[in-house]
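Same order as they appear, the protein sequences are chains A and B.
Numbering-wise, our numbering puts 19 at position 19 of the first sequence, and it's gapless, one number per residue.
Plus 1000 on top of the position in the second sequence (first one is 1) and you've got our numbering.
If you are wondering where the hints come from, they were derived from the structure by calculation, not from laboratory data.
Fair warning: there could be bad hints in the mix.
Claimed, not checked - A short, non-exhaustive set of chain B residues, derived as facing chain A with CB atoms under 7 Å: (1) His1010; (2) Asp1017; (3) Phe1020; (4) Ser1043; (5) Leu1044; (6) Gly1099; (7) Lys1100.
For each residue, glycine too, the CB sits at the ideal point set by N, CA and C.
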Amino acid sequence: DPKIIQKPKYLVAVTGSEKILICEQYLGHNAMYWYRQSAKKPLEFMFSYSYQKLMDNQTASSRFQPQSSKKNHLDLQITALKPDDSATYFCASSSGGVTGQLYFGEGSKLTVL
Amino acid sequence: GEQVEQRPPHLSVREGDSAFITCTYTDPNSYYFFWYKQEPGASLQLLMKVFSSTEINEGQGFTVLLNKKDKRLSLNLTAAHPGDSAAYFCAVRPNTNTGKLTFGDGTVLTVKP
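This is chain A alone, in the form it adopts within the complex:
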């Protein structure tokens, strides 16, 4: 059974709309992350959270907002969607610490028309 659950697995949105990608992890980890994988770019780090606090943000656009309502949740809200936002978004988690191994979810594939 997947220990990192991402919802939805696939979604289609129109330009200008807003979507929320859901991520829940059941590994007991205290750190969670978002990465993006698109046809144009390799896997890109977006955000990292530890104990529900933002640790690092490498996303230039404020249209991407992570939301952590619980320790094991890290959702990603994307507003004013653009076709260039089309990508697979991966949630990950780790037990933290500099040696913590990242475990990835199965991804949410977003297509913006």
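Since chain A is already given, all that's left is putting chain B on it; use the hints.
The following block gives chain B in isolation, referenced to the frame of chain A:
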């Protein structure tokens, strides 16, 4: 920031042959190194993590080499089989606790029977 170059982008080998993938990185502070395997439509599966103090690591059917002097990380799949067909990504991480991995562009490996 860190830049990781991965070669080759595509690799096709016959079953039983070796497959060699190389990554070079730029940041001398990179301390942790990872190889991930991604099958089509699936998430990333960790193959191996290497610390900067270790130069050679062996897994099941593969060897990972780290050359810190040349800033080069290599993955050698020995006696490849069709089940090894997938995309392979290297990733590097500094000795900080942000969880940020910088990935290579990936290598799509095809192993033909």
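Here is how each hint holds up against the structure:
Annotation: interface hint on histidine 1010(B) violated; nearest CB of chain A at approximately 14 Å, more than 7 Å. Using the Cβ-Cβ criterion of 7 Å, the hint placing aspartate 1017(B) at the interface with chain A is not satisfied: the shortest such distance is roughly 26 Å. Hint status for phenylalanine 1020(B): violated, given a least beta-carbon distance of 19 Å to chain A, over 7 Å. With its C-beta approaching chain A no nearer than about 5 Å, serine 1043(B) sits inside the 7 Å limit, and its interface hint holds.
At a threshold of 7 Å, the smallest CB-CB gap from leucine 1044(B) to chain A is about 4 Å, leaving the interface hint in force. Given hint, glycine 1099(B) at the interface with chain A, holds; its Cβ is 4 Å from that chain's nearest Cβ, closer than 7 Å. With 7 Å as the threshold, the beta carbon of lysine 1100(B) comes within range of chain A, its nearest partner Cβ sitting at about 5 Å, so the hint holds.
Hint compliance for this structure: hints 1, 2, 3 are not met, and every other hint is.
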